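Asker: Protein chains in written order, with the working numbering: chain A, 1 to 164; chain B, 1001 to 1099; chain C, 2001 to 2344; chain D, 3001 to 3653.
Take the hints with a grain of salt, since some may be wrong.
Computed footprint of chain A on chain C; a stretch qualifies when at least three of its residues, placed anywhere within it, have a C-beta under 8 Å from a C-beta of chain A [what the hints assert, rightly or not]:
no.: 1; region: 2113-2123
no.: 2; region: 2246-2255
25 Å max Cα-Cα, derived DSS-like pairs, lysine-lysine [claimed, not checked]:
no.: 3; chain 1: D; residue 1: K3577; chain 2: D; residue 2: K3191
no.: 4; chain 1: C; residue 1: K2061; chain 2: C; residue 2: K2033
no.: 5; chain 1: A; residue 1: K161; chain 2: B; residue 2: K1087
no.: 6; chain 1: A; residue 1: K161; chain 2: C; residue 2: K2322
no.: 7; chain 1: B; residue 1: K1087; chain 2: C; residue 2: K2144
no.: 8; chain 1: C; residue 1: K2144; chain 2: A; residue 2: K161
DEER-style ranges, computed between Cβ atoms [what the hints assert, rightly or not]:
no.: 9; chain 1: A; residue 1: L14; chain 2: C; residue 2: V2304; range: 42 to 50 Å
no.: 10; chain 1: A; residue 1: A116; chain 2: C; residue 2: E2067; range: 49 to 57 Å
no.: 11; chain 1: D; residue 1: L3640; chain 2: C; residue 2: K2144; range: 53 to 61 Å
no.: 12; chain 1: A; residue 1: V131; chain 2: B; residue 2: V1004; range: 27 to 35 Å
no.: 13; chain 1: C; residue 1: W2050; chain 2: A; residue 2: P120; range: 58 to 66 Å
In case anyone wonders, no lab produced these hints; they're calculated from the structure.
Just so you know, these numbers come straight off a predicted model, no measurement behind them.
By construction, the Cβ of each residue, glycine as well, lies at the ideal position given by its N, Cα and C atoms.
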Amino acid sequence: METLVGIVAAATALIGAIAAVTHRNAVVGVLFLVLNLVSLAVFYVLLSAPFIAALQVILYAGAIMVLFLFIIMLLDLRREEERESGLLQKVLSVIGGGVFFLLLWGAATGGAAPAAAELPEHFGSVESIAVALFTTYLIPFETISVLLLVAMVGAVLLTRKGGR
Amino acid sequence: MSLVWMLTLSTALFTVGVLGVLLRRNAIVILMAVEIMLNAANLALIAFSRHLGSADGQILAFFVMTVAAAEAAVGLAIVLAIFRLRKSVNVDSLNRMKW
Amino acid sequence: MTFAAVLETLIKIGVVFFVALTAVAYLTLAERKISGWIQDRIGPNRVGPWGLLQPLADGIKFMMKEEVVPSYAHRPIYMAAPALLLISALSALAIIPFGDRLSLGGYEVRLAIADVNIGILFFLAMSSVGVYGIVLAGWSSNNKYAMLGGLRASAQMISYELGLGLSLIGVLMVSGSLRLSQIVEQQGSFSSWNVWSQPLGFLIFMVSAFAETNRLPFDLAEAETELVAGYHTEYSAIKFSMFYMAEYVNMITASALMATLFFGGWQLPFPAEAAGVEGNHLALLQILCFLIKTGFFLFVFIWVRWTLPRFRYDQLMHLGWKVLLPLALLNLIWVGIGVAWGWF
Amino acid sequence: MITVLRFLWLIPLAPFAGAAIAGFSGRWIGRRGVGIIACGSVALSFVLSVVGVAALSGDLASLDALPGLAINLEARRVTLEVAEWISVGGPDGLVVSWSLMLDPLSAVLILVITGVGFLIHLYSVGYMAEEDRGYARYFAFLNLFTGMMLLLVLGASLPVLFVGWEGVGLCSYLLIGFYYTETWCADAGRKAFIVNRIGDAGFLLGALTLWLASGSLDLEPILDGVAASGPLREVALAGSLLLFTGAVGKSAQIPLSVWLPDAMAGPTPVSALIHAATMVTAGVYLVVRMGAVFVAAPLALAVVAGIGAATALYAATIACAQTDIKKVLAYSTISQLGYMFLGVGVGAFAAAIFHLITHAFFKAVLFLGAGSVIHALHGEQDMGRMGGLRDRMLITWVCMLAGGLALAGIVPFAGFWSKDAILWGALSGGHTFLWILGLAGAGLTAFYVFRLLFMIFHGKPRDEDLVRNAHESPYIMSGPLLVLGVLSLIGGIVGLPAIIYGGDWLGRWLDPVLAHAPAAAHEGVHSAGAEIGAMVLSLVIAGAGFMVALMAYVLRHVWAERLPRKLEPLSGWARAKYYVDEFYQRAILGPYLQLCHIFRQFDERAVDGLVNAVWRTADGVGHFARYLQTGFVRNYALFLLIGAALILYLVLP
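Extracted from the complex, chain A is given alone in its bound form:
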């Protein structure tokens, strides 16, 4: 059952990603990306990370992608015709991408993976993550909050109309 779900999720994730970057209509692209994100969330549940999965849906699908959608709608890019890329760029990109995939895949799967470890109790639960977040990773966590603040101020400043 889980394998079946995994295969379906993998397929949708891949299809969603490919469609997201290739579809001419950016809105549809965003929707496919959401599909991809939600399938990845399914993966996270399967990989005992329900908290991250919920975050994936709330944060990524619920906030970031809506922001994308907003911007696309705001700019009304539906009719934007996209000219073709240069041929050299295209060929080199595809070749480079292919080589890169092979190399990365080789790097990721080539070495002998360590044996799968036993999962501790409450693995991936909100409590365990929260404890690690507020002890071991406290400083990165606080830094991230500063980063978010800076990004927010930056975004507000960048998008302010007129007077600067």
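Use these hints to put chains B, C and D onto chain A, whose structure you have.
Answerer: The following block gives chains B, C and D in isolation, referenced to the frame of chain A:
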């Protein structure tokens, strides 16, 4: 659902993202491709986390998501500013910063 | 997962959906009746006794109407949007525990479709996915009223999700769990209902819930007088009814959550021993109790709708960001102090 | 009463606080507030000083139990450690504290500084009243100066002393350049600062020399240690001469005297306080304070005496030829400081301090009187245009007359006793030649001071328009003048010599501090008759100076008209200040500028050439490399990808 399969999927998604950045001209789509790459990395992190039985990977994924949110906010704000200036989000129209 | 577990879940889904959708149908009637009562008129009274068959008639009418798709609409998205909205609304119902457990011939049934350990996060996730339905409906209609309505609605929902989430954290701090059944159990006695310890949190949650469901006084998205009907201007027939169903399902979810998070859920307001019932009788009593609480909040929803005027959009945003958000933080500090000192 | 000494730190703190308040909030508390704060803080400091000195003169033995206080009964010295400052190298390393020391010497000086300082603050309120800008700034600097001077005098270790030393230098710079919009004022400030820095370098080196030898920067171990034979005694000559360099700079002695006349660019009360009464005497204070070190090196004492006597005479001759009222007083100050150094050099420490005190009184009154005149004449400083002001400015005239008589050394004014004590010290110490120089200087002093008075107050106005509207200054200015005038008259009472049945209170008060002063030399003259004779002689010489001035400027005797012409080229040189500034300009600044020019050439040709070569190379390379920069983001991304793939390939096992 072995680690190898997860990493394969992650690599594939990452490559899709890379190709998206390389081949598309729409700045928003490029940002979306970047998000795909980040997600591919997240998938790898979570797969490893599960495989090694350590929560660190999940926490890193959490951080990646937060950074992605910040990146999207600023990135889209930049796209918006560019659009106001150029009436276009085509990144190839932004080639003024050369010699 | 055993076959029995799958079957049990499927049955629970069926029952909940049946009850929820029926409730939706009769909520429309209730809304019209109550509004009639508030406005000192009669309300629907022609179909069936006291208009009781009116929802049925409405349903049939919706199904028989002609489907109109605007010619410049983005067809696939136009079709998918209401479904997306309704699906996310209905999914959110899955985590609500409507009773403790029922014993059916020795087989224990937990009275919630999915009592997952990230229950509240699931609710938030579903409500954020719901935004898509509205945005896409507005966008794909290719109509400026619809578009504006969609943008308004989504901005509103995103804004109020913050206040909603923050007011929830107070509850989570007290219960120490995201699992709804645990939150309910923690409010075992009448005096330990969360509403007593954090009335401010409840108020914020309620106001935010009103905004989340796009109900008056926050129905800016479909403000008839200025936007015709907002994001569903172009929709007709069954797709139009799906929007309405989603709205009412969201109301049910929100009411049920208010009851669950702040008013002890299915817990009786007095010790069960006092009632002198146990076993399945007790379970049924608890379900009844839950339904009464939820029903009360549904009534409040309708009551408010017909009582308060609509906000202006800037007022709405002001309320969300500059009033509710700081208040929610205040509530958080209050709860934090309370938890640290061991008051609740 | 005696526990008051624990609050010694309040004495310098009060003016510091005043400076902070006046400086930072002068805009809000208004001119009146600034005046009250500034005068009040110094007055407070004065009262505290009086109480502190009274406590010091009491029974010190009971103080031992108090924390932070160290008592040296023998030297009547109370040391208070306020806070730790520097602590390096563990317990055996260098430890410097903010510690203050009150002993009879510093007691005398804090009384003078705060007393005269307060009077001058009060006077300034009137003098600066018409100043539009910088009123609060002026008083903040003045207060800061007072605090720094007190720190200098009270400092119980060389670094603390040095902080005060530099602090007064800074305030001097700030106040000389008070009218900083005038280029020449700003230049004068810089000149003062730079010349002082030359001396300060000597001070620092001297302090470090003493530290190397003694292992401590505190005054007490150095002064006690130098008496015994040891490393400290061996460096005594070098250390004392280096310290003396600092004193020469601060007290404007030859060869670093050039800054003081220029320093008159500041407001006149500043000249009175800083450049006459207090700061410039810091050099004398330093030498007296470190007297034990100087005594350990007789050659150093001889150098001090020689430079002092030379400066006294040299500056007096210049003063005779100046026409600017403040310039005359400035050279007079240099000359009188020379007398003080002469006194120190011949071992008459108490006499030097005595002269320091009386000089503070009469020079302050002369400067303030001059300020009053300048104020009345709306900024005119040229004596050549004055005259006949006596009737219009009676109080000023009387006060300046008292100050002038004191300066000229006419009995019984304060200056007579103190100058005579110094001259007697020289004679009795066997330094007959120096004594003759001093006597000659005394005659010149009498001449120029009466020349000054006559030119301002007597005869007919040389510039009617200027003098017509002159009027007496307000009471807030004439009040301090009167007080200081009275002090000039009776100030000598503290040090009346035993020979005329005086108490020599000052000498006895200072005795514990000056125990190390050398005994009178054998070959000197010691008889009481000789002392009386020397007094009479100096009085006669002063009288002669007075007569010359009287004939030249009041009676207008014929030969007096011819005298300057007969003395050419000496008088011309004196008028031109012996071309010292010009000499420095040519002999030091010229070669220095030449050297700078050479370095500049090196910088422009060699260093810049190298830098230019770098950018030219980079520019040339970039000219070709820029074709790689297409301006298309996705090209860059492609390069990035290729690079990443390469790295992956390289790191793959």
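Asker: Each hint should be assessed against the structure and marked as holding or not.
Answerer: Quick rundown of the hints versus the structure:
1. Under the rule that three or more residues need a Cβ within less than 8 Å of chain A, the assignment of the region 2113-2123 of chain C holds, with 5 such residues.
2. Judged by the Cβ-Cβ criterion of 8 Å, the region 2246-2255 of chain C is not covered by chain A as claimed, because only 0 of its residues qualify and three are needed.
3. Note on K3577 (chain D) and K3191 (chain D): the hinted pairing holds, with a Cα-Cα distance of about 16 Å set against a maximum of 25 Å.
4. Between K2061 (chain C) and K2033 (chain C) the alpha-carbon distance is near 19 Å, which keeps this suggested pair within the 25 Å criterion.
5. Straight-line distance between C-alpha atoms of K161 (chain A) and K1087 (chain B) comes to about 15 Å, which keeps the hinted pair within the 25 Å bound.
6. In summary, the hint linking K161 (chain A) to K2322 (chain C) is supported, as the alpha carbons are separated by about 22 Å, within the 25 Å threshold.
7. As the CA atoms of K1087 (chain B) and K2144 (chain C) are separated by approximately 21 Å, the hinted pair is consistent with the 25 Å bound.
8. Restraint check for K2144 (chain C) and K161 (chain A): satisfied, since their Cα atoms lie roughly 23 Å apart, inside the 25 Å limit.
9. In this structure, L14 (chain A) and V2304 (chain C) meet the distance hint of 42 to 50 Å, their C-beta atoms being roughly 47 Å apart.
10. Taking 49 to 57 Å as the suggested C-beta distance range, the pair A116 (chain A) and E2067 (chain C) conforms, at roughly 53 Å.
11. With their beta carbons about 42 Å apart, L3640 (chain D) and K2144 (chain C) fall outside the hinted range of 53 to 61 Å.
12. For V131 (chain A) and V1004 (chain B), the Cβ-Cβ distance of about 31 Å falls inside the hinted range of 27 to 35 Å, so the restraint holds.
13. Roughly 60 Å separates the CB atoms of W2050 (chain C) and P120 (chain A), a value that falls within the hinted 58 to 66 Å.
Checked against the numbered hints listed earlier, the structure breaks hints 2 and 11; every other hint is satisfied.
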